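> Just so you know, the sequences run in chain order Y and X.
Read in order, the letters of the first sequence are residues 615 to 683 in this note's numbering.
Read in order, the letters of the second sequence are residues 96 to 444 in this note's numbering.
Hints listed in this document are in silico derivations from the structure and should not be mistaken for laboratory results.
Warning: the hint list may mix true and false statements.
[Claimed, not checked] Computed, partial: chain X to chain Y, Cβ under 8 Å:
id, residue
1, ARG208
2, PHE212
3, GLU213
4, ALA216
5, THR219
6, ILE222
7, ARG223
8, VAL335
[What the hints assert, rightly or not] Each computed SDA-like pair below joins lysine to any residue, with the alpha-carbon atoms no more than 25 Å apart:
id, chain 1, residue 1, chain 2, residue 2
9, Y, LYS655, X, VAL263
10, Y, LYS653, X, ASN202
11, Y, LYS653, X, PHE212
12, Y, LYS655, X, ARG301
13, Y, LYS653, X, LEU221
14, Y, LYS655, X, LEU198
15, Y, LYS676, X, ASP262
16, Y, LYS676, X, ASN202
Predicted model only: the values in this text are computed from it and were never measured.
We treat Cβ as the ideally placed atom computed from N, Cα and C, and that holds for glycine.
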Amino acid sequence: MKRVELRVTDMHCSSCALRLQELEDLLAGVIRVEASYYKSKMTVTFDESNVTVKDLIDGARKLGYTAVE
Amino acid sequence: MAALIAALITGFTTGGLSCMAVQGGLLASSLAQLIEKDLLGKQGGRNQWNIGLPIFLFLISKLAAYTILGGLLGGLGKLFQLNPLSQAILQFIIAFFIIGNALRMLNVHPLFRYFTFEPPAFITRLIRKKTRQAGSFTTPIMLGAMTVLIPCGVTQTMMAAAIATGDVLGGAALMFAFTLGASPVFFLLSYFATKLGALTEKYFTRIAAVVLIVFGLLAVNSGLNLLGSRYSFSRLAESVVSALEMRHQGQASATPSTDLVLNVVDRGYRPKRLHAPAGVPLTLTLVTNEVHSCSRAFLIPALDYGVILSATGEEKVRIPPQEPGTILPFTCSMGMYSGEIIFDLSPEG
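Here chain Y stands alone, though its shape is the one from the complex (with noise of 0.2 Å):
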């Protein structure tokens, strides 16, 4: 188990956190997502032996927004 924060500075409203949630359903291994459209972050718990950060950052990337560490 990991703990990833990740940088989002292109959420546009505090719902973009809501759709960054989704990466736990679209990424077989993403155990839990906190994004903050406050703070321009996200916290992602995940299991490192079925994804990685490029995975989460990728994730990000199809959700239509610029994750980096």
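For chain Y, the structure is supplied; the task is to place chain X on it using the hints.
Only chain X this time, still in chain Y's reference frame:
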């Protein structure tokens, strides 16, 4: 009535577009996808009516939820609506909130992000849980009601306006009109789904932000009117128009009189500028004839005078002697409509 039409148009244009990414882009598209998937699985083919019905239920539920919310906010406003000063302060707070939200939408500085409401994580999780529970019509109804928990910037602005109405029915009607106006966008979005939000967001967010700034300035104007300020935008504009008229006519446009008559109409007061003699008491007669707008709630802030006029009738206001050159502004209780009495000369002068 004018405020309701404005709310309807705001919903149809900026409201619908601003909320597109917040509620439409997420809930409506998720909803449409889920419904479509569910119904295709059951029926083996596309049925436009069956897809449309849950979306319709979603919108009806949303409309009902926001109407109730508007009523509650209007009631809240009534509790705090004490006098013109408190209303003016409320208008300034609304203006601050609106302009801050507009600057947030224009991405001016990260600080402006705090002008929007970020729902707690447990609420977002609850909403997401519901979006995954496809299969019955109760889901779109629940999701529609839950959109009150994630209002977009323009919706939040309209919620502030609902508070400013200071009336349960007024607040409910305002939110009903706004949500009704935004509904077609949601309906279309649910059919044409996710791509539309991304394509249009860039442009329409900016348009919505500019419109919000205009609304913010209007709220500042209302606040200044309620304070009886001579420097509200509407009064300054009126002064310019009046000066141009006088220059054009080569003389004052009105003769001072101790018996003033002011016609109260749906769109304000006629004439907007009255001339009266200084140093003598006078009578201002307010005349209404089938008037149903907020212009009926008449205030003279400097005299701490306020009255709710009947839809049709006359009301006489005693005005004590004023110094020459005094300008006595009057306004409606919302600060939307205004005018002034100018005390020129004594009757002998």
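> Please go over all the hints and tell whether each is borne out by the structure.
Going down the list of hints, with the structure as the test:
1. ARG208: It holds, given that the least Cβ distance between ARG208 (chain X) and chain Y is near 5 Å, below 8 Å.
2. PHE212: 6 Å, holds
3. GLU213: Since chain Y brings a Cβ to about 4 Å from GLU213 (chain X), closer than 8 Å, the hint holds.
4. ALA216: 6 Å, holds
5. THR219: 5 Å, holds
6. ILE222: 7 Å, holds
7. ARG223: OK, holds: ARG223 (chain X) within 8 Å of chain Y, min 6 Å.
8. VAL335: 39 Å, violated
9. Y:LYS655 <-> X:VAL263: 39 Å, violated
10. Y:LYS653 <-> X:ASN202: 14 Å, holds
11. Y:LYS653 <-> X:PHE212: 13 Å, holds
12. Y:LYS655 <-> X:ARG301: 24 Å, holds
13. Y:LYS653 <-> X:LEU221: With Cα atoms ~21 Å apart, LYS653 (chain Y) and LEU221 (chain X) stay inside 25 Å; holds.
14. Y:LYS655 <-> X:LEU198: OK: LYS655 (chain Y) and LEU198 (chain X) at ~20 Å, within 25 Å.
15. Y:LYS676 <-> X:ASP262: Distance of about 45 Å is beyond 25 Å: violated.
16. Y:LYS676 <-> X:ASN202: 22 Å, holds
Hint violations for this structure: numbers 8, 9, 15, all remaining hints satisfied.
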